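Each chain is listed here by its residues.
2 protein chains.
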Amino acid sequence: MKKIYKGNVVFTKNIGELTSFENGYLVVENGKINSVYKILPKEYEEYEIIDFKDKLLVPGFVDIHLHAPQINNLGLGADLELLNWLEKYTFPEEAKYKDLDYTEKSYKALVNKLWENGTTSSVIFGSIFKKSNILLSKMISQSGLKAYVGKVNMDRNSPDYYIEDTEQSLIDTEDFIGEVSKIKNIKPIITPRFVPSCSKELMYGLGELAEKYDLKIQSHLSENIDEVKWVRELHPDCKNYIDVYEKYNLLRKNKVVMAHCVWSNKEETKKIKDYNITVAHAPVSNGNLASGIAPIPSYRENKINVGLCSDLSGGHEIFLGKVIKEAETFGKLRRIEDNKKYNYMTTLDYFYMATKGSGKFFGNVGSFEKGYDADFLVIDDSNIQDVNERNLEERLKRFIYLGNSGNISERYINGEKIEKPF
Amino acid sequence: MKKIYKGNVVFTKNIGELTSFENGYLVVENGKINSVYKILPKEYEEYEIIDFKDKLLVPGFVDIHLHAPQINNLGLGADLELLNWLEKYTFPEEAKYKDLDYTEKSYKALVNKLWENGTTSSVIFGSIFKKSNILLSKMISQSGLKAYVGKVNMDRNSPDYYIEDTEQSLIDTEDFIGEVSKIKNIKPIITPRFVPSCSKELMYGLGELAEKYDLKIQSHLSENIDEVKWVRELHPDCKNYIDVYEKYNLLRKNKVVMAHCVWSNKEETKKIKDYNITVAHAPVSNGNLASGIAPIPSYRENKINVGLCSDLSGGHEIFLGKVIKEAETFGKLRRIEDNKKYNYMTTLDYFYMATKGSGKFFGNVGSFEKGYDADFLVIDDSNIQDVNERNLEERLKRFIYLGNSGNISERYINGEKIEKPF
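Quick note, the sequences are listed as chains A and B, same order.
This note's numbering puts the first sequence at residues 4 to 425.
This note's numbering puts the second sequence at residues 4 to 425.
A hint or two may mislead.
The list treats identical chains as interchangeable, and a pair is accepted whether it falls inside one copy or across any two copies.
Said to hold, decoys possible - As a list, the in silico DSSO-like pairs of lysine-lysine whose alpha-carbon atoms are at most 30 Å apart: (1) K344 x K91; (2) K423 x K58; (3) K203 x K9; (4) K58 x K99.
For the record, the hints were derived by calculation from the structure and aren't laboratory data.
In this text the structure is predicted, and so the values were computed from the model without any measurement.
My request is simple: use the sequences and hints to build the entire structure.
This is how it looks when you write it as structure tokens:
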């Protein structure tokens with residue numbers, strides 16, 4: 004089945020390179036991009052054209068790391084660094100998700116917000132509670148959005164009210180995998196919270212489950228200085244934070260996303276590269292929790308794949324436009340810190356990370372190249388224009404800098420329009 | 004004339020300290036704050052009470068540094084550092100303000116945006132064009148907002164199409180001062196653009212005008228590394244950037260605001276302190292133009308007064324809530340850079356800077372203490388709440404982190420409600 008959408012088509016095939024078609028045509032076949040044209044070929048002349056006029060068509064945003072059960076803490080708690088923040092704000096909040104009523108009303112708000120902000124795909128940390136995570140998965144599926152959802156595992160160094168028995172944690176995870184694998188558009192992902200909260204037995208068991216079901220894995224890596232120190236104390240036999248994950252078979256090549264990587268040293272960076280790990284860059288969160296500035300300009304030079312994320316609720320901006328802007332700022336500040344050793348990066352580099360960079364984790368997602376999922380946003384930027392004429396690159400940049408969810412007038416996934424879920 | 008406003012009153016008397024009154028009363032007399040009460044005293048019982056119910060009442064934002072004729076560049080041009088950015092984007096745009104039609108239509112948008120975003124007072128750089136600046140001043144006055152407006156001066160190192168003759172620049176400035184002094188709520192301010200674009204004769208002449216009319220002065224100081232180097236080359240007789248302003252009598256004690264101060268060294272910082280200069284901190288701009296992170300935590304420890312600003316269009320966020328958030332992030336990053344030598348600063352510290360910190364430049368502005376101008380915003384935060392009850396401090400923080408102009412339901416200046424101007 005073919006569909007044709009007309010509008011100002013903008014996307015990035017390669018990092019930093021804009022491809023744009025003024026009044027172009029997006030031809031979609033069976034939910035996938037077939038092609039993009041400046042002038043529509045004769046063969047398509049008889050198809051109905053959905054005309055978005057002067058609006059922009061951009062790939063849907065892909066949020067590669069966020070914590071669903073922190074949604075009610077959005078915009079709060081930025082007065083502490085990671086470890087204290089977890090104790091004071093995060094664990095008490097996540098513990099509430101044992102209650103399925105609380106889960107449902109909170110996740111309605113979450114899923115609505117993802118929809119509003121044009122996040123068509125996301126990679127999600129749930130809570131430790133199996134049923135709550137299954138409900139989350141069903142609700143996202145129902146909305147039409149796509150996601151990897153992980154049941155969080157934690158069996159040590161966690162508060163009494165929010166900790167698991169090792170064996171039960173693994174049983175629940177296997178159950179969760181079985182249930183979620185049946186849900187449309189949702190994939191389970193192995194989710195050890197982070198090294199300090201996972202015993203060796205738990206990590207080893209999760210590595211086995213990942214192998215058994217051929218699953219991807221998400222976790223945290225070198226976010227905060229005190230956290231990195233703590234990991235060294237807990238695992239004196241490992242040289243780096245990443246070595247711990249490696250030791251317990253949690254680094255599956257091409258199948259891992261690690262959030263933050265702010266303090267990764269040279270050796271750790273080499274392993275990130277060797278395992279082709281996707282770095283989930285969370286500048287808003289790294290600012291809020293005073294974590295520091297990740298060395299993204301150097302990761303880019305090393306050809307490490309970087310995706311952008313909200314890291315809700317460490318980060319408070321679900322709209323990835325704001326995350327792109329903050330990533331750009333952090334990149335500029337980091338470049339000064341690194342004595343301008345690396346190339347200057349621009350908005351288009353970070354726009355790529357929020358679409359195709361993150362999207363790679365899902366397969367052909369985040370671009371308008373042939374065969375990519377037809378996941379796109381229709382952008383009405385009429386209220387953020389000025390008295391001068393602007394070209395498409397300027398309009399895209401301005402949407403990122405000045406826009407918000409209110410500028411997203413429609414969302415399409417696999418070529419189908421999706422409506423506000425709840 | 005007394006007026007009584009009821010609502011959740013929040014403000015900061017001292018940096019970092021929140022004063023709040025749940026369902027409190029703001030008593031206003033002749034446009035000034037008379038007092039704030041938790042329980043309304045009997046003597047006021049017969050007055051009409053304007054009841055804002057569960058909304059927040061906060062001081063109006065004070066933007067202590069912005070460039071009016073850059074409004075149409077908002078959200079664009081963040082791909083260059085200061086000096087190249089001025090040449091490529093800024094000077095060509097400012098030059099358009101020779102045309103009064105362009106001025107009028109552009110400034111309508113600007114004044115509307117200041118109103119929308121709750122910026123009740125601002126300190127403004129205009130263009131070099133006298134008439135355009137007078138029109139700006141009249142338009143702001145008409146809106147009911149308050150401002151210092153400066154006619155920009157530049158007679159060297161500037162493009163042919165946007166440069167002044169020294170003598171004419173001083174004549175125009177004196178004319179401008181005369182005209183603007185008659186306009187309600189607007190005050191003229193002496194505005195040498197920055198050292199590189201002002202000859203010694205011009206600076207000296209401006210210093211004389213400041214003395215003659217007892218005026219305040221605004222300029223830029225140590226924003227960007229290349230700019231600082233250039234100033235040293237232009238003035239080898241001066242030890243620091245600030246010494247140039249001092250030499251030409253442009254540092255009037257208690258009467259100067261200097262934007263940025265990112266790269267001020269120890270000696271320069273001492274002079275900032277000695278002259279009681281207000282530092283206009285522009286984190287969003289300092290990120291966009293890759294200027295660097297100003298040492299605000301150390302300025303705070305030195306008891307230097309800091310105000311916040313949008314620095315439009317170096318900065319693209321007119322809503323000072325976003326600037327407060329970015330200042331907080333920059334402060335945290337700077338603290339890491341300074342090896343955590345200075346105290347941790349929180350949202351309330353930066354909220355103070357955006358209200359009373361900036362407001363001091365206007366006199367008794369930016370607080371709800373007795374005798375302060377009754378400039379306040381009514382905040383409807385109902386669309387940024389979650390399923391849990393939140394206290395006033397949390398609600399204020401969330402307004403700053405998640406809010407925008409849409410959450411500002413009313414604006415009052417000197418106790419009078421002001422409507423959308425254009």
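(message) If you test the structure against every hint from before, which numbers come out violated?
(response) 3
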